[in-house]
Every structure is written in structure tokens, then in C-alpha cells.
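Participant: Sequence:
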Amino acid sequence: MKKLSLLLLLVIATSFSLLAQDAPNPTLNTAIRKHGMEKSQVMDIASWVCDVYGPRLTGSPMLDKATDWAQKTLKDWGMSNVHLEAWGPFGRGWEFSHFEMHATAPSYFPIIAYPKAWSPSTKGLVSGEVIYLQADDEADLEKYKGKLKGKFVFLDTIRTINEWFDAPAKRLVAEDLLNMANAPAPGRRPDRDFNRLGGFSFNQKLFKFIVAEDPLAVIDRGFKGDLGTVFVSGARADEGRVQDPKAKVIPQATMSVEHYNRIFRLMQKGIPVTLSMELKATYTNPDGMEHNIIAEIPGSDLKDEVVMLGAHFDSWHTGTGATDNGAGSAVMMEASRIILETIKETGIKPRRTIRLALWTGEEQGLLGSRGYVKDHYANTSPEGTIQSLKEAEQSKISGYFNLDNGTGKVRGVYLQGNPGVMPIFRAWLDPFKDLGATTLTMQNTGGTDHQSFDAAGIPGFQFIQEPVAYSTRTHHSNMDNWDHLVADDLKQAATVIASFVLHTAMRDEKLPRKATELKAGSN
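Numbering (my numbering), first residue to last: 2 to 524.
Do not rely on the hints blindly, as some may be mistaken.
No more than 30 Å apart at the CA atoms, straight line, and that leaves these computed lysine-lysine pairs for BS3-like [said to hold, decoys possible]:
(1) K73 x K350
(2) K206 x K247
(3) K375 x K66
Here are the computed distance ranges between Cβ atoms for each label pair [claimed, not checked]:
(4) E240 x V53: 35 to 45 Å
(5) V53 x K150: 37 to 47 Å
(6) P420 x E346: 27 to 37 Å
(7) P187 x Y109: 51 to 61 Å
Simulated from the structure, these hints should not be mistaken for lab results. C-beta atoms are modelled at their ideal positions from N, C-alpha and C, and glycine is treated no differently.
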């Protein structure tokens with residue numbers, strides 16, 4: 002009983018110590034709120050990122066211009082050690098300067114479509130008949146041999162369109178947040194036997210066959226999008242990465258579903274359809290390397306330790322990369338500016354160094370952040386899996402905070418299976434209940450740069466955000482523009498994140514880490 006009582010007292014004492022250490026500083030939060038909510042610059046930052054320097058495809062000249070602007074802006078604000086860090090090789094970049102597509106027979110109509118990134122130029126304005134390639138296996142391909150040259154190849158069937166009876170944008174309601182808060186800790190990801198995924202293997206053979214047949218272009222209509230919204234990403238090569246200068250690529254485009262369906266229905270009626278198309282595109286980035294943008298706010302007594310915040314700066318090419326991820330980049334730049342202003346106003350300096358990172362190559366597989374983690378925190382295999390840690394450096398980073406889910410306000414944090422941070426983050430969220438930031442979930446979330454840090458045993462977090470119309474309208478689409486950013490949401494996000502980052506920098510201890518064993522080949 003005595004041992005049990007002593008253990009209970011120790012737990013209670015530890016809890017009180019933790020609560021005392023992590024009680025939010027009201028002086029800091031007051032200044033953060035003033036500069037974040039009342040004197041915000043986030044929408045102007047976003048306009049520079051998107052309107053002036055968008056889109057920002059990795060390897061493109063516009064990304065280089067955006068990178069120069071970001072460095073100058075961060076220096077003008079007073080951030081230190083502003084510099085670029087190379088990663089790669091990435092391969093060739095791409096930009097297009099002209100695109101048009103029309104139906105010319107059996108009657109004329111203009112077509113809404115966009116080229117896929119890394120598609121080469123057409124040989125001027127080209128014209129040809131549409132052919133639908135229907136193949137389930139290699140045997141089916143034989144009947145198309147010698148029949149695709151000079152044609153526009155359709156790969157998809159008709160996609161049924163359902164009218165919108167509910168708004169495409171939504172907010173998280175109390176039930177959504179409760180379900181997230183009650184979700185259990187994530188389990189181990191199941192193993193997958195990629196050798197048995199025959200569909201993936203056939204798709205590779207299908208595209209190699211099509212490229213060899215040399216049609217005018219390959220056209221798809223995407224798996225979502227309507228009412229003129231077109232979701233577009235990158236082209237495919239005959240084999241390997243499309244960024245490889247040796248890869249063979251033919252023109253490819255994504256058409257609005259309504260226009261695609263109309264053409265398909267005409268062909269079903271036995272009526273031939275002729276299209277015309279012109280694409281002018283250039284391959285760029287001759288040295289094949291890319292760069293992340295790094296900037297710092299120096300720490301004081303714990304300056305050798307670091308807390309990081311970041312977002313990916315690159316985008317796709319059809320919109321201006323606003324919700325993906327000009328919003329996240331603008332918010333993280335704004336959060337850094339808020340922290341600088343808070344330091345000036347209060348005279349309270351962060352103990353740890355605060356490091357901002359704007360990543361590139363995220364859209365091609367978290368390449369920029371993975372390159373950074375490889376250079377600083379982990380040894381990796383040629384395939385990119387983590388084999389061991391660079392413990393001297395890895396032990397000095399307290400945590401990494403990321404934003405990359407659109408324009409929606411911050412509603413809380415995905416804890417990424419790390420229970421140790423729950424009481425800390427709960428204390429830091431409490432002052433922002435009036436702004437709607439209330440929820441902590443043990444769940445993981447994926448698809449963005451915090452995963453690079455989490456894989457290296459570093460506490461890495463993505464914030465829970467309102468979905469708004471991210472998945473239904475803007476993510477990777479031609480409608481991903483500044484007009485779909487919500488000012489009040491971005492102000493709130495920058496304010497909450499500035500507080501989290503600054504309080505992480507002020508703690509006596511680094512953030513708790515997950516009790517996980519890093520194994521060779523883990524990712």
C-alpha cells in the first residue's frame with residue numbers, strides 16, 4: 002500500500018509539474034492574438050504567393066521566382082539565416098505557355114481541358130479523330146496495334162454526374178469532432194503485396210503500348226469534378242519517372258467531364274468525333290536539382306535546439322495553388338511574422354530556435370521534406386526508407402508543425418499516435434476555444450510533410466482543419482485560386498499555430514516522443 006501511495010503521489014506530482022510548465026503564457030497569447038487577428042497580413046501574403054507567383058510546379062521557372070520573393074520577404078521581416086537547401090536530383094521541370102482544344106466535327110464547340118504536367122508540345126495545331134481504347138489485358142491491346150497514330154485516345158468510359166443537392170463546402174460539426182476525439186490510437190499499417198496488384202502492372206504495360214503507338218494525345222476526364230472544375234496532375238511516361246529526361250512522354254490532357262461524356266455518347270451512336278489541340282510547353286530546370294526555403298528566429302538559452310513549422314510551397318499547374326498549398330505557406334509565413342512581432346512587443350525571446358521551412362517537391366512524393374530529413378536527421382536507403390538516425394542532430398529537434406489541408410480554420414491537432422503530447426496540447430488549445438480550436442485526436446493523418454519527420458522518430462503534427470470545399474472543388478483543380486481562400490479561417494490558423502510554435506520553443510523540455518522502435522527499412 003505504501004508503494005502504491007508513493008507511486009500515486011509521484012504521478013500526481015509529475016502531472017502538476019507538467020501542467021505548470023505548459024500553462025500558456027497570457028502575455029504572449031495576447032500579443033499573438035493582436036498581431037494575428039487584428040493586424041493580419043495573411044491574405045496579402047497569400048495573394049503574392051498565388052496571384053503573382055502562382056502556379057508553382059516543382060522545377061518550373063515560376064517556382065524559382067516565388068522562391069526569390071519568399072526569401073526577400075522573410076529577410077525584410079527580420080528573419081535570420083534565410084537560405085536555400087538543395088535536394089535531388091529531381092529531374093526536369095516543365096511549364097506551358099499555350100493550350101487550346103476544340104471539337105471540330107460533327108459540329109464545333111470549345112472544350113474545357115488542361116494539359117497534364119510534363120506533357121510535351123504538339124507539332125503545332127493538330128487534328129484527328131477520337132478513338133476509345135478498351136482493354137483489360139495485353140491480349141486486348143493487339144487489336145489496336147497500328148490504329149492509334151494520328152488519333153486522340155480516350156481511356157475512360159462515361160462517368161455519371163449527380164447534381165449537387167447539398168453544398169460542396171462544409172464545416173466540421175460537434176459530432177465530427179467528438180468522433181475524432183474518441184478515435185483510438187492508430188494501429189500498424191497492414192502490409193501489402195504489390196506483386197499481386199495486377200492492375201498496376203497492366204496499367205504500366207498499357208501506357209508503354211500507347212506511347213509506342215504515338216497517338217496525337219491521350220485524354221482522360223478524371224475521377225471527380227463537374228461544372229467546369231477539372232482536377233489535373235501529371236502526365237505518364239512510357240516507363241519510369243516523367244521527370245527523367247530519358248523518359249518518353251506524349252501529349253496528355255484532362256477534359257471536363259461534361260464535354261468528355263458528350264463526345265463519348267456521340268461515339269456510342271456511331272458518330273465520329275474530330276478534335277483539334279495545340280500545346281506549347283517547355284522542359285526546364287537543366288541541373289535537375291530543387292530547393293527548400295529555410296529561415297530562422299534565433300533562440301536564447303536553448304538556441305541549439307529547434308522547433309520547426311512548415312508547409313509545402315509547390316503546387317500543380319492549372320490553378321494558382323491557393324488551397325494547395327498557398328494557404329499553408331501563407332499561414333506559416335504569417336505565423337513566423339506574428340512571432341517576430343510578439344517578440345518585439347513583449348521583449349520575451351524564444352528559448353529554442355524557431356525554424357520555418359517551405360518545402361518543394363511535395364506533390365511528387367514529399368521529396369523536399371524527405372530530402373531535408375535525410376540531410377539532417379536520418380540515414381536512408383537508395384529507395385528512401387529510413388535505416389538509422391543521425392542521433393546528434395535528431396535529438397535536438399523538439400517537434401515539427403505542418404499545415405496542408407486547404408483554407409479551413411484549425412479545429413485541433415492530429416497527435417499521430419503520440420499520447421505524451423496530449424496534456425501539453427490540451428493546455429495550449431484551451432485559450433483558443435472561442436476561435437473553435439478544441440479537438441485532439443490520437444489519429445494519424447497522411448499525405449503531407451509531417452510524415453517525413455514522424456518517420457524519423459521526431460514529433461511531427463498536422464493540424465485538424467475544416468474541409469470547406471478542398472476535396473470537392475479546389476484540391477489539384479483549375480479552381481484552386483485565391484478567391485476560394487477564407488480570410489477569417491487563415492487568420493485563426495496563423496494565430497493558433499504561432500502560439501503552439503512559440504510555446505514549444507519556451508518549454509523546459511522538448512516535446513515527448515513516441516515509444517517506437519525504429520527499424521531498418523521503416524517508413
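Participant: With 37 to 47 Å as the target window, see if V53 and K150 comply at their CB atoms.
Facilitator: Given a distance of about 42 Å, which is inside 37 to 47 Å, the answer is holds.
Participant: Are E240 and V53 spaced within 35 to 45 Å by their CB atoms?
Facilitator: holds (38 Å)
Participant: Hinted pair, alpha-carbon criterion (30 Å max): K206, K247. Please report holds or violated.
Facilitator: holds (18 Å)
Participant: Given the hint that K375 pairs with K66, does the C-alpha gap stay at or below 30 Å?
Facilitator: With a Cα-Cα distance of about 26 Å, the restraint between K375 and K66 holds, given a limit of 30 Å.
Participant: Within a Cα-Cα threshold of 30 Å, do K73 and K350 meet the stated pairing?
Facilitator: Holds. K73 to K350 sits at ~23 Å (cutoff 30 Å).
Participant: With 51 to 61 Å as the target window, see if P187 and Y109 comply at their CB atoms.
Facilitator: holds (54 Å)
Participant: Could one say that the CB atoms of P420 and E346 fall in the range 27 to 37 Å?
Facilitator: Holds, at about 35 Å.
Against the hints set out earlier in the document, no violation occurs for any number.
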